[in-house]
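Use the sequences and the hints to build the structure in full.
There are 2 protein chains.
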Amino acid sequence: MMSENKLNIERELLSYLPEKNELIGNLVSSMEYSLMAGGKRVRPMLVLEFAKLCGGSEEAAMPFACALEMIHTYSLIHDDLPCMDNDDLRRGKPTNHKVYGESCALLAGSGLLTLAFETVLSDKSVRLNSTEKCLAAAKVLAESAGAQGMLGGQIIDLESEGKQVTVEHLKIMDAKKTGALIIAAAKLGCISAGASEDEIKAAISYAEDIGLAFQIVDDVLDVTSSTEELGKPVGSDNENEKSTYAALLGVDECKRISAELTDHAVNALSVFERDTTTLREFAYYLLKRSN
Amino acid sequence: MMSENKLNIERELLSYLPEKNELIGNLVSSMEYSLMAGGKRVRPMLVLEFAKLCGGSEEAAMPFACALEMIHTYSLIHDDLPCMDNDDLRRGKPTNHKVYGESCALLAGSGLLTLAFETVLSDKSVRLNSTEKCLAAAKVLAESAGAQGMLGGQIIDLESEGKQVTVEHLKIMDAKKTGALIIAAAKLGCISAGASEDEIKAAISYAEDIGLAFQIVDDVLDVTSSTEELGKPVGSDNENEKSTYAALLGVDECKRISAELTDHAVNALSVFERDTTTLREFAYYLLKRSN
Chain Z
1 MMSENKLNIE RELLSYLPEK NELIGNLVSS MEYSLMAGGK RVRPMLVLEF
51 AKLCGGSEEA AMPFACALEM IHTYSLIHDD LPCMDNDDLR RGKPTNHKVY
101 GESCALLAGS GLLTLAFETV LSDKSVRLNS TEKCLAAAKV LAESAGAQGM
151 LGGQIIDLES EGKQVTVEHL KIMDAKKTGA LIIAAAKLGC ISAGASEDEI
201 KAAISYAEDI GLAFQIVDDV LDVTSSTEEL GKPVGSDNEN EKSTYAALLG
251 VDECKRISAE LTDHAVNALS VFERDTTTLR EFAYYLLKRS N
Chain C
1 MMSENKLNIE RELLSYLPEK NELIGNLVSS MEYSLMAGGK RVRPMLVLEF
51 AKLCGGSEEA AMPFACALEM IHTYSLIHDD LPCMDNDDLR RGKPTNHKVY
101 GESCALLAGS GLLTLAFETV LSDKSVRLNS TEKCLAAAKV LAESAGAQGM
151 LGGQIIDLES EGKQVTVEHL KIMDAKKTGA LIIAAAKLGC ISAGASEDEI
201 KAAISYAEDI GLAFQIVDDV LDVTSSTEEL GKPVGSDNEN EKSTYAALLG
251 VDECKRISAE LTDHAVNALS VFERDTTTLR EFAYYLLKRS N
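Chains Z and C are the protein sequences, given in the same order. So the first sequence is numbered by this note's numbering: it starts at 1 and just counts up by one. So the second sequence is numbered by this note's numbering: it starts at 1 and just counts up by one.
Think of the hints as simulated: they come from the structure by calculation, not from any bench. Keep in mind that a hint or two might mislead.
Since copy identity is lost for identical chains, a pair holds within one copy or between any two.
[Claimed, not checked] Here are the simulated EDC-like pairs of lysine to aspartate or glutamate, each with C-alpha atoms no more than 20 Å apart in a straight line: (1) Lys93 / Glu161; (2) Lys98 / Asp263; (3) Lys6 / Glu59; (4) Lys40 / Glu281; (5) Lys288 / Glu10; (6) Lys20 / Glu10; (7) Lys288 / Glu197; (8) Lys171 / Glu22; (9) Lys6 / Glu102; (10) Lys52 / Glu4; (11) Lys20 / Glu159; (12) Lys124 / Glu143; (13) Lys98 / Glu159; (14) Lys163 / Glu22; (15) Lys20 / Glu143; (16) Lys163 / Glu58; (17) Lys124 / Asp275; (18) Lys201 / Asp275; (19) Lys6 / Glu58; (20) Lys52 / Asp218; (21) Lys98 / Asp252; (22) Lys40 / Glu208; (23) Lys163 / Glu273; (24) Lys20 / Asp198; (25) Lys98 / Asp88.
No experiment lies behind these values; they were computed from the predicted model shown.
Okay, here's the thing in C-alpha cells:
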C-alpha cells in the first residue's frame, strides 16, 4: 500500500519537472537528482492519506502532495550547502552541491520551491480540485514554508548553534523547522477533500504529534545508528554543537516521549469515520525507526 | 508621480513583512534590509502603470506589484552570495550576506520568494482582485521566476562564464534572467485590471523591448560609469569574465540598439486608449541612464 503510493508519487513528481533542453538541462537535472534521491515521502503520503480519509481522491490531492515534497526537497538542498550544515552525504548519496556545484544547487533549491507553486496552481491541479482549493493550498504552502514556518525554524536553529537551549526552545524550533511542513501535509489533504472543521482539527493534532515524535526519533537515531543505516555521518548534529532532545533528555526519555506522542496522535484519528489503519500504522512505523 | 508611487510601494512592501519577534527577528530584519535597500522599483511601477492603463486600480494591483519586487529582491540577495557573483556592494550598500552572514542571507532570499506568494494570495489581494485573478497572478510569478524563467537565465549565465558567447545567446539568457520578471510586471498589471487580449499583447511587447534595452544599458553603464554612480564596483562583469553586449557590440552600437528598442516599446503603447505618458517617459528614463 505505502510502497505503491510511493511509486505513484515519484512518477507524478517527475511529470512536473520542466523539459531538459540544452540551455537549462543542468538545472533541471540537479532538481531531479534531489527530488529522486529517495526518502520516505512522509509528507506527500500524509497528504494523500488525509485526502482519502476525508472523502477526497488521491488523484486530486496528488498535485498538492508533490508540491509539498518539492518544498521539503528544496529545504534539504539548501540545508546541505556549505554555508548551512555543510553536509557531503544525504540518504547515503552525495549532496546536490557535491554533484552539481554550489551555485547550481542554490538555483535548484529555489527552482523546486518555485515549482511547488507552479504545481499546486497548475491547470491539472485546478481541474481536479477547484480554483478556491488551489488558492487555499498555495497559501498553506507559502505560510508553512516561510519566515513564520520552516524558514523561521531554520533561523532559530542557526542562532541556537553552540548555545545551551531548553527543551521548550527545541520544541518551538522544531514545530517550525519540521513541524510546519508535516502540519501542512495534513491541511493540504483536508483542503483537497473539502474536510469539515472537526476533521481538519484532528488532522492537525495528529500531524503536530507525529511531527515532534519524528524529530525526537531522528535525534535518537543520530546517537544510536551507524552511518550506513542513517545515510549521513552519525553524530553530525553533535559535531555541529547542536542541542538535541537526546542530549537534553537522554535516549530512554526520548523513546518514552515519542511513544506517548505517537499514541496521542493515533487517538486523534478517532474523529474520522473512514478506515484509519494506514495512518495508525504510519505513526508507529515512524516511531519504530528508533528501536 | 513616479516618486509618489515609489513611496507607496515601499510602505506597502513593509506591511507584508512578518512581525519581528525575538525568535525570527534577524531573519525578518535581513529580509527588510534588502527590500528597503533602494532601487528604482522598476517592476512594481510597471505593474501599477499597466493596471491603470487597462482600467484597473493601483490599490488592487499593489499586492501583485509588491510580490514581484520581493521576487526581484530575493534574486539579488542570492545573486550576491559568495557561491554566485560574490559581490560585497549592492546599490552602494553592503550586500545582505555581508551584513547578516551567508546562512541568514540564504534564508532571507528564500523567505522573500515565499512571501511573494503569501502576498499575492493574501486576503487583501483576493478581496481587491478575485480568487481567479490572484491564482492567475501567482501562476505568472511562479512561471517567470522558475527554471523556465529567471532561474533558467541564471543557470545559462553561470554556464556561460569564461566562454565566448554570441549576441543571440546573450539575448536568450537575458530574456529569461531579467526579461521574465519585466514581462511578468506587464502581465500582472493586466491581470489585475482584467485587460483585453490586445492590451496584454501590447503590454508584453513593451516589456520585452524595455527589458532587453534595460540590460544593454546596464552593460554600457558597467563600462562607462564610476563606482559611486553605479553603486557596485565598475567592471565587475568584466572581472567575472562575462560576455556582455558592450564587449561584443561596442558601446556605440549598444546605445543605438537600446534607443531603437525603446522607440519600438513606446510604439506598442498606441493600442491603449488611456494616457500612456508615464510609460513612455519611463521607457526613455531607463534608456537615458546610459547617456
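Okay, the hints, checked on the actual structure:
1. Lys93 / Glu161: neither (26 Å within a copy, 28 Å between copies)
2. Lys98 / Asp263: neither (40 Å within a copy, 47 Å between copies)
3. Lys6 / Glu59: Classified as within; 13 Å inside a copy, 45 Å across copies.
4. Lys40 / Glu281: within (14 Å within a copy, 55 Å between copies)
5. Lys288 / Glu10: Close neither inside one copy (24 Å) nor across copies (51 Å); limit 20 Å.
6. Lys20 / Glu10: Only inside one copy: lysine 20 and glutamate 10 sit 18 Å apart there, 38 Å across copies, limit 20 Å.
7. Lys288 / Glu197: neither (31 Å within a copy, 58 Å between copies)
8. Lys171 / Glu22: between (46 Å within a copy, 16 Å between copies)
9. Lys6 / Glu102: This pair counts as neither: shortest intra-copy Cα distance 29 Å, inter-copy 35 Å.
10. Lys52 / Glu4: Answer is within; shortest intra-copy Cα gap is 15 Å, inter-copy 52 Å.
11. Lys20 / Glu159: Between copies only: 15 Å across, 38 Å inside.
12. Lys124 / Glu143: between (23 Å within a copy, 15 Å between copies)
13. Lys98 / Glu159: Between copies only: 17 Å across, 25 Å inside.
14. Lys163 / Glu22: For lysine 163 and glutamate 22, only the inter-copy Cα distance (16 Å) is at most 20 Å; the intra-copy one is 47 Å.
15. Lys20 / Glu143: between (30 Å within a copy, 16 Å between copies)
16. Lys163 / Glu58: neither (44 Å within a copy, 48 Å between copies)
17. Lys124 / Asp275: Answer is neither; intra-copy 28 Å and inter-copy 39 Å both fail.
18. Lys201 / Asp275: within (18 Å within a copy, 52 Å between copies)
19. Lys6 / Glu58: within (12 Å within a copy, 46 Å between copies)
20. Lys52 / Asp218: neither (28 Å within a copy, 53 Å between copies)
21. Lys98 / Asp252: neither (36 Å within a copy, 43 Å between copies)
22. Lys40 / Glu208: within (18 Å within a copy, 44 Å between copies)
23. Lys163 / Glu273: Answer is neither: 46 Å inside a copy and 63 Å across each miss the 20 Å cutoff.
24. Lys20 / Asp198: Neither: 44 Å inside a copy, 32 Å across copies.
25. Lys98 / Asp88: within (6 Å within a copy, 25 Å between copies)
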